[in-house]
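Colleague: Letter by letter, the chains look like this.
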Amino acid sequence: MRSPNFRNDQTSFARALFHPDEESPANLVDPSGAHAPKRFGVYRNNVVVSLIDNLASTFPACHSLVGEEFFRALAREYALNFPPSSPLMIYYGDEFSQFLNQFKPAQQVPFLADIADIEYKRVKSYHAADGQRFNPASIADAPQDTLDSAKLKLHPSFYWSLSRFPAYQIYARAQAGKTLEGISFDEAEITLICRPEWDVQTQSISPNNKTALTALAAGFSLSTSVEIAQKSDPEFDLQALLTQLLAIGAIERFKFKSGATK
Amino acid sequence: MTKAQTPEIGVGFKPEHFANIANDKPNLSFFEVHAENYMGDGGPPHAMLRALDENYDLSIHGVGLSIGSDGPLDRPHLMRLKKLVDRYQPKLVSEHLAWSSHDTERNMLFLNDLLPIPYTQRTLNRVVEHVDQIQETLGRTLLMENPSTYVAFSETEMDEISFITEMQKRTDCRLILDVNNVHISANNQKLDAYQYLDRFPLHAVGEIHLAGHATDTDDDDAPLLIDSHDRPVAPPVWDLYRYVVKKVGIRPTLIEWDNDVPDWPTLYAEAVAARETMLTQTGETSAHALA
Ligand SMILES: [Fe+2]
Numbered sequence: 001m002r003s004p005n006f007r008n009d010q011t012s013f014a015r016a017l018f019h020p021d022e023e024s025p026a027n028l029v030d031p032s033g034a035h036a037p038k039r040f041g042v043y044r045n046n047v048v049v050s051l052i053d054n055l056a057s058t059f060p061a062c063h064s065l066v067g068e069e070f071f072r073a074l075a076r077e078y079a080l081n082f083p084p085s086s087p088l089m090i091y092y093g094d095e096f097s098q099f100l101n102q103f104k105p106a107q108q109v110p111f112l113a114d115i116a117d118i119e120y121k122r123v124k125s126y127h128a129a130d131g132q133r134f135n136p137a138s139i140a141d142a143p144q145d146t147l148d149s150a151k152l153k154l155h156p157s158f159y160w161s162l163s164r165f166p167a168y169q170i171y172a173r174a175q176a177g178k179t180l181e182g183i184s185f186d187e188a189e190i191t192l193i194c195r196p197e198w199d200v201q202t203q204s205i206s207p208n209n210k211t212a213l214t215a216l217a218a219g220f221s222l223s224t225s226v227e228i229a230q231k232s233d234p235e236f237d238l239q240a241l242l243t244q245l246l247a248i249g250a251i252e253r254f255k256f257k258s259g260a261t262k
Numbered sequence: 001m002t003k004a005q006t007p008e009i010g011v012g013f014k015p016e017h018f019a020n021i022a023n024d025k026p027n028l029s030f031f032e033v034h035a036e037n038y039m040g041d042g043g044p045p046h047a048m049l050r051a052l053d054e055n056y057d058l059s060i061h062g063v064g065l066s067i068g069s070d071g072p073l074d075r076p077h078l079m080r081l082k083k084l085v086d087r088y089q090p091k092l093v094s095e096h097l098a099w100s101s102h103d104t105e106r107n108m109l110f111l112n113d114l115l116p117i118p119y120t121q122r123t124l125n126r127v128v129e130h131v132d133q134i135q136e137t138l139g140r141t142l143l144m145e146n147p148s149t150y151v152a153f154s155e156t157e158m159d160e161i162s163f164i165t166e167m168q169k170r171t172d173c174r175l176i177l178d179v180n181n182v183h184i185s186a187n188n189q190k191l192d193a194y195q196y197l198d199r200f201p202l203h204a205v206g207e208i209h210l211a212g213h214a215t216d217t218d219d220d221d222a223p224l225l226i227d228s229h230d231r232p233v234a235p236p237v238w239d240l241y242r243y244v245v246k247k248v249g250i251r252p253t254l255i256e257w258d259n260d261v262p263d264w265p266t267l268y269a270e271a272v273a274a275r276e277t278m279l280t281q282t283g284e285t286s287a288h289a290l291a
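Protein chains in written order, with full-length UniProt numbering: chain X, 1 to 262; chain U, 1 to 291.
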């Protein structure tokens, strides 16, 4: 008798899990030896439901914005088309925001992808390496010219998310179980995300900070970042941005030119 | 004078119970965590694990190594497990007799479930090879858990007990005996759970699992039990537990409750019930063990 090919069996098992319309593998039987599609259906259901549940816990604001039924339909579509590629389920959903941007039915709620982006970054922030608290004494007596050429060492749990919608306000309302009444949807917004201590914090800042934030995060000095930002926005105020970054714990320290950290 | 053996009772740790545990310092021996939930770099998961580690033993229970895969082990994932195990030096490290990852031609697919394997010479060789590799990499003994299953395979060459016995002998691993899984599989595979336990290599059992299950129906509308971990341990599972404990004596016992997680007092009450059962069955008294 030919020994059955285990590898091919796992291939057909895995394939059948994600194709509910296809028959269950013929070698799966009940104790009497009869083909058992309903028994196989338990695995089919477990796998897809576990992925949907995982997404529901990673994207609670999206879930509450569109409601249980619609969210689960979106999550099912995502799970079937973008199944996990690693056992690290804590990070599952990395393409959910992009998926929502492209998947037609999700576009009924045009800001949904941006809310998903905030929520996924919150998860990454939650699991990020522990960082340090900013020590104000470290810049207390730095001369202005040194400070100008300083760069930022950002906290490892710091992320930000830009939206052409007021995504932070929407996110916060959804999380508080409130309606979106009164929000003007044509305002852009940047959401800062950081975990300075135990809890992940989110905070909103003006979209004008986009250029400077991009420059600072890319490792440009404070003065260069201001220069770049002022090209498009002559009024740009770095002080205000730094204050907001410090408030959420996004800055670990200033790195001074000599390479020595004050 | 010989000291009375204290039953080692643990529960599966859920972050929502952290504050209760930190305040109450419950009388438990260990907490078990799913390895993969602690493979991030930092943050509250590790802060909580460090705090638990100060007062309790830890048990790291992997759900992602896919030991039953016919393809090679996921090396990067094994190294992640090694990093975690090296960092916390837990009392127990365990995994499952199941598969969950599949290497397609294009990419790796993780199926997020503990899927069944057929019991054949070929799968046995592969599982033994994987368990050997893991034990070698971690530099310690692995505990392997008996599965709950919903289907059988037409290519089966041996029964589950023969497979587990042989796997244990050849790898010298230890075993988790999940009594709920025994109850589920016995029902679903139309076996006698007590006969199963009589044949199980009990000498190698290093931990017992208890959990709740749900009831569905199979293709013939007969009851099919589902390993749902979403409710209290069922009476017939407690009966099996009493039977096992009477045979093997005191062994670390874990309450698993992973879905519809209850409040802390409800979960703790299950652990207390397990302790009482173990004391009664092994002839120890509560007062004795707590002295
Ligand atoms: Fe278990």
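Watch out, some of these pointers could steer you wrong.
[Said to hold, decoys possible] In silico DSS-like cross-links for lysine-lysine, where the CA-CA straight-line distance does not exceed 27 Å: (1) X:Lys257 / X:Lys231; (2) X:Lys38 / X:Lys151; (3) X:Lys257 / X:Lys210; (4) X:Lys178 / X:Lys124; (5) X:Lys124 / X:Lys153; (6) X:Lys151 / X:Lys231; (7) X:Lys104 / X:Lys151; (8) X:Lys255 / X:Lys151; (9) X:Lys38 / U:Lys190; (10) U:Lys190 / X:Lys124; (11) X:Lys124 / U:Lys247; (12) U:Lys190 / X:Lys104.
The set of hints was computed from the structure by calculation and includes no laboratory data.
Note that the structure is predicted; figures quoted are calculated from it, not measured.
Colleague: Does the alpha-carbon distance linking Lys190 of chain U and Lys124 of chain X stay inside the 27 Å limit?
Modeller: violated, 45 Å
Colleague: With a cut-off of 27 Å on the C-alpha distance, tell me whether Lys124 of chain X and Lys247 of chain U pass.
Modeller: Violated - the C-alpha atoms of Lys247 of chain U and Lys124 of chain X are around 47 Å apart, more than 27 Å.
Colleague: Tell me if the straight-line CA distance from Lys38 of chain X to Lys190 of chain U falls inside 27 Å.
Modeller: Holds - the C-alpha atoms of Lys190 of chain U and Lys38 of chain X are around 16 Å apart, at most 27 Å.
Colleague: Is the straight-line distance between the alpha-carbon of Lys255 of chain X and that of Lys151 of chain X 27 Å or less?
Modeller: Status holds; Cα separation ~5 Å.
Colleague: Would you check the hint for Lys104 of chain X and Lys151 of chain X, treating anything up to 27 Å between C-alpha atoms as holding?
Modeller: Distance ~42 Å between Lys104 of chain X and Lys151 of chain X Cα, so the pair is violated.
Colleague: Is Lys38 of chain X close enough to Lys151 of chain X, meaning Cα to Cα at most 27 Å?
Modeller: The given pair, whose Cα atoms are some 61 Å apart, is violated under the 27 Å limit.
Colleague: Taking only the CA atoms, is the gap from Lys178 of chain X to Lys124 of chain X under or equal to 27 Å?
Modeller: holds, 25 Å
Colleague: Next pair to validate is Lys257 of chain X with Lys231 of chain X; report whether the Cα-Cα distance is within 27 Å.
Modeller: holds, 24 Å
Colleague: Going straight from one Cα to the other, do Lys124 of chain X and Lys153 of chain X come out at no more than 27 Å?
Modeller: holds, 18 Å
Colleague: Under the criterion that the straight-line Cα-Cα distance not exceed 27 Å, is the pair Lys257 of chain X, Lys210 of chain X satisfied?
Modeller: Status holds; Cα separation ~24 Å.
Colleague: Just to be careful, I want the Cα atoms of Lys190 of chain U and Lys104 of chain X compared with a cutoff of 27 Å; is the pair within it?
Modeller: Roughly 47 Å separates the two Cα atoms, so the pair is violated.
Colleague: Lys151 of chain X and Lys231 of chain X: Cα distance at most 27 Å?
Modeller: holds, 20 Å
Hints 2, 7, 10, 11 and 12 from the earlier list are contradicted by this structure; the remaining hints agree with it.
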